[in-house]
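Enquirer: Now for the letters of each chain:
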Amino acid sequence: MKASPLTILIAEDSATDRMLLSTIVGRQGHRVLAAANGLEAVALFESQRPQLVLMDALMPMMDGFEAARRIKAMAGEAMVPIIFLTSLSEEEALASCLEAGGDDFLAKPYSRVILEAKINAMDRLRRLHQEVLRQRDQIARHNEHLQNEQLVAKAVFDKVAHSGCLGAGNVRYLQSPYALFNGDLLLAAFHPSGDMHVLLGDFTGHGLPAAIGAMPLAEVFYRMTGKGHSLVEILHEGNAKLRRILPRGVFCCATLLNISFRRRMVDFWGGGLPAGYVLRKNGAERVPLVSRHLPLGVLDPDSFRDDYESYALKLGDRVFLLSDGVLEAQNEHDELFGEQRLLDVLDASRDPSRLFADIQQALQAFHGEARDDVSLVEVTMVEEGAVSRPPLPASESQTGPESWSARYDFRGPTLRDYYPLPHLLQLLLEVPGLRGNGGNLYSVLCELYTNALEHGVLGLDSSLKRDAAGFAEYYRLRAERLDSLQDGCVSVAFDVRQQPGGGRLTVTVEDSGMGFDPVAVLARERTAGGFSGRGMALIRQVSERCEWSPDGRRVSVEFSWATQA
Amino acid sequence: MSDNHLDRDVLNSLQEIMEDEYPVLLDTFMTDSEERLRLLHLAEHDKDAGEMRRAAHSFKGSCSNMGARTLAESCRELEELARRGELDESAQLVARIEREFAIVRILLKSERQRFPAA
Numbered sequence: 068m069k070a071s072p073l074t075i076l077i078a079e080d081s082a083t084d085r086m087l088l089s090t091i092v093g094r095q096g097h098r099v100l101a102a103a104n105g106l107e108a109v110a111l112f113e114s115q116r117p118q119l120v121l122m123d124a125l126m127p128m129m130d131g132f133e134a135a136r137r138i139k140a141m142a143g144e145a146m147v148p149i150i151f152l153t154s155l156s157e158e159e160a161l162a163s164c165l166e167a168g169g170d171d172f173l174a175k176p177y178s179r180v181i182l183e184a185k186i187n188a189m190d191r192l193r194r195l196h197q198e199v200l201r202q203r204d205q206i207a208r209h210n211e212h213l214q215n216e217q218l219v220a221k222a223v224f225d226k227v228a229h230s231g232c233l234g235a236g237n238v239r240y241l242q243s244p245y246a247l248f249n250g251d252l253l254l255a256a257f258h259p260s261g262d263m264h265v266l267l268g269d270f271t272g273h274g275l276p277a278a279i280g281a282m283p284l285a286e287v288f289y290r291m292t293g294k295g296h297s298l299v300e301i302l303h304e305g306n307a308k309l310r311r312i313l314p315r316g317v318f319c320c321a322t323l324l325n326i327s328f329r330r331r332m333v334d335f336w337g338g339g340l341p342a343g344y345v346l347r348k349n350g351a352e353r354v355p356l357v358s359r360h361l362p363l364g365v366l367d368p369d370s371f372r373d374d375y376e377s378y379a380l381k382l383g384d385r386v387f388l389l390s391d392g393v394l395e396a397q398n399e400h401d402e403l404f405g406e407q408r409l410l411d412v413l414d415a416s417r418d419p420s421r422l423f424a425d426i427q428q429a430l431q432a433f434h435g436e437a438r439d440d441v442s443l444v445e446v447t448m449v450e451e452g453a454v455s456r457p458p459l460p461a462s463e464s465q466t467g468p469e470s471w472s473a474r475y476d477f478r479g480p481t482l483r484d485y486y487p488l489p490h491l492l493q494l495l496l497e498v499p500g501l502r503g504n505g506g507n508l509y510s511v512l513c514e515l516y517t518n519a520l521e522h523g524v525l526g527l528d529s530s531l532k533r534d535a536a537g538f539a540e541y542y543r544l545r546a547e548r549l550d551s552l553q554d555g556c557v558s559v560a561f562d563v564r565q566q567p568g569g570g571r572l573t574v575t576v577e578d579s580g581m582g583f584d585p586v587a588v589l590a591r592e593r594t595a596g597g598f599s600g601r602g603m604a605l606i607r608q609v610s611e612r613c614e615w616s617p618d619g620r621r622v623s624v625e626f627s628w629a630t631q632a
Numbered sequence: 054m055s056d057n058h059l060d061r062d063v064l065n066s067l068q069e070i071m072e073d074e075y076p077v078l079l080d081t082f083m084t085d086s087e088e089r090l091r092l093l094h095l096a097e098h099d100k101d102a103g104e105m106r107r108a109a110h111s112f113k114g115s116c117s118n119m120g121a122r123t124l125a126e127s128c129r130e131l132e133e134l135a136r137r138g139e140l141d142e143s144a145q146l147v148a149r150i151e152r153e154f155a156i157v158r159i160l161l162k163s164e165r166q167r168f169p170a171a
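Protein sequences appear in the order of chains W and A.
Each residue of the first sequence is one higher than the one before, starting from 68 at the first, in this note's numbering.
Each residue of the second sequence is one higher than the one before, starting from 54 at the first, in this note's numbering.
Note that these hints are calculated values from the structure, not bench results.
Quick reminder that beta carbons are idealized off the backbone N, C-alpha and C, glycines included.
One or more of the hints may lead you astray.
Sample of chain A residues at the chain W side, in silico, Cβ under 7 Å [stated by the list, open to error]:
| hint | residue |
| --- | --- |
| 1 | Tyr75 |
| 2 | Leu78 |
| 3 | His110 |
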């Protein structure tokens, strides 16, 4: 095999040997640089960068050892093989050649055949080294590229995921900065009603594939929560979307919460994550929130089940969720951290503000090092007014319909299957003067609609909700009556008018139920002050005028606004 | 012809390698060797073991490449003496090298005459 031509530096002080060697090497097809001493050799190496060096050991001016050291230093990471030309026979001298960076020896008298073989062998070594460096650099470049991509993905994702309300004062959470790439997802947002939606998710797999599904799920969660959709609707949409776009075998274990500060309740749906807990104030009780469903993205929309559990919360009660990174932490004996160890930590932890630190400490003690795939979140029940909600994003446009009326009649099975509030809210938010009031509008609409449906059409007695057992009974009856609902109607009418200096909205809600005596109910609510009533106090507080018909089946509420300069 | 003053086989092989440059190689060796001898005398006069070792080493290398075996062997002995710093017998050895080179030089000159002058 004829090697490809190299540039070879020959450093030899004997003119005869230099000439002979130059000729042999030149005849083999290589380009020759000739130096008569070490200094010349170093200078030639610097200016011409030959790929291989044949170096005499004993030379005037600068000997071969020193020249070899300098050349190796100049070559840096590149491999420039140096073959020492020598008839040195003492071991000590040969060792000096190797110490100076020599890669091989060639004894005099020169043999053409051996010289050629050595040059070829050294060239192979040099190329191998070059290839290793090239591959190393390529791997480093790929790695850098990958990390950049992850940074970009993370930046994009942070924009989608962090528009939420994890920063609210009653929310505490812990997540590794790269949790996304462990497949963990934590979202929280205010519903227009003032409720808070929380989603803790864990996608199967790791890295970018696990992070990909988080984007659409976060988008569904924030868009639908912002528009006032219910937990159930978000579950259906999230499941259907993940099921449609994710490859088989990729899905999202998730827990969804709706926390209502006004009703002091939490609705819980669990699909595949470890049990969370309601932690009662002062450690009085611990209620497990056990997953009863398959993860999101597994079932087709027709088989998906949306039934959730509701728990009453008192001020100071906490809802605590965790990802499976906690329970699945392993120690060096391949033991899992497991639920019992977590419960022990929960039992032992006296200071709620230290709970996360206690869990992390326990994990570290068990596992030997901190883990980066642990997600924890805890929401505390507080007074409704204590959580500051960001205003709903106002539309860019300043124009919209300012004089119109509409009436909707929702009848029979539609009352069971369709939740019209997001649609109705969007309609009202088209009106320029109502933008920015979505929260109040939603709260009032929700209250009016729920009253009309539950107390009117379904004939449920709100006084049932006074204790936990009654609470459960109320929701059982609600589901039962909805299921068998055939007739019945809830009408919602809007009337939007311009008036001097602004505008006015009148909302009228009417139901087909038995009606009630508004005077008596209002009087009772004033004394009870509880959340079990018809929420009339809230309606009166938020709206300007509120009138019930004497039979209690129709209610009209008015909002007015001034045109902004 | 192959003898220890100048190996004929080595010369043949050098001619094959050098082709047209062969006479130049012969000229170079003769000029170079005279310079080495001068350096050897100088080192001997100065009793400079390091210089003598280097000159003997270099001379030894080119002699071995040219097939001047006896000369190369004498240079090796001198290099060894100089390395050990034993310069007592070096004058004798330098004289022997000079005599041997005179023989090699005659042989090379006749070899050189087979080719036109440079």
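Enquirer: If you check each hint against the structure, which ones fail?
Expert: Going through the list in order, the structure violates hint 1 alone and respects the others.
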